[in-house]
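Novice: Sequence:
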Amino acid sequence: SVVPLPPAVIDRPSLPPVPALELIKTYGTLAGPECYGRASPPGSSCRIPLPYLRQELGLTDPSSSLNSESFARRLSDLDFEWPLKPYGLTEDSLKKTAVMNKGAETATYMSELERRGLYDRRNPAGPLPTSLRPKLNELLKREGIDDVASERTFRALSGGRGEMTAETVEEAYGGKDALDYYSFVELIGKENVEWPRYDR
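No gaps in the numbering here: position 137 of the sequence shown is 137 in UniProt numbering, and each next residue is one more.
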């Protein structure tokens with residue numbers, strides 16, 4: 001019997017950098033509530049366990065695959081929740097991520113709240129920024145994910161091939177059982193992200 005060859009790596013045109021907010025939206029759309037053995041607080045996401053990602057992308061059997069367009073459609077069907085920043089580097093400290101409840105890219109989060117008129121830092125009687133996550137999540141979900149962010153994520157999870165499969169996703173995880181926010185940034189490549197500059 002003939003063994004099928006894996007999909008070939010395709011030489012695709014280069015892409016511009018992904019705006020940081022779009023990277024956050026992509027990660028927060030793929031990530032779930034599992035947070036180092038705990039559940040993340042409502043309105044936030046934490047990690048992307050490999051079985052969870054396969055399930056939400058429909059890559060549960062060896063014959064399942066997605067191309068770039070079908071991956072983008074899957075993303076648009078999923079909910080977004082602002083991701084949490086992993087707390088510390090050790091196993092013991094990472095277990096505190098859900099309890100600490102610190103959002104990833106805090107400056108971007110605060111900037112988005114203010115830009116959208118949800119928060120005014122000059123108003124001491126205003127709501128706590130973390131209480132505004134559900135509202136911001138809803139607005140960002142409605143906007144959808146930038147095509148460049150979707151395509152860069154597709155390329156990373158498909159190993160540069162024209163198809164994403166359970167196998168290519170497992171290869172992208174490089175032996176990890178889950179991706180946290182920082183490992184997702186590494187997978188996409190920090191150099192492929194357009195990080196904002198904030199006046200201090």
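Since the hints were made in silico from the structure, they are not lab data. It cannot be assumed that every hint is accurate.
[Said to hold, decoys possible] Computed Cβ-Cβ distance ranges for the label pairs, DEER-style:
no.	residue 1	residue 2	range
1	121	100	19 to 27 Å
2	76	135	31 to 39 Å
3	114	73	30 to 38 Å
4	186	76	19 to 27 Å
5	114	64	17 to 25 Å
6	114	194	36 to 44 Å
7	170	118	34 to 42 Å
8	122	171	24 to 32 Å
The beta carbon of each residue, even a glycine, is placed where N, CA and C say it ideally should be.
Novice: It remains to establish, for every hint, whether it holds in the given structure.
Specialist: The hints, checked one at a time:
no. : hint                     : verdict
1   : 121 with 100: 19 to 27 Å : 21 Å, holds
2   : 76 with 135: 31 to 39 Å  : 20 Å, violated
3   : 114 with 73: 30 to 38 Å  : 32 Å, holds
4   : 186 with 76: 19 to 27 Å  : 25 Å, holds
5   : 114 with 64: 17 to 25 Å  : 42 Å, violated
6   : 114 with 194: 36 to 44 Å : 20 Å, violated
7   : 170 with 118: 34 to 42 Å : 39 Å, holds
8   : 122 with 171: 24 to 32 Å : 49 Å, violated
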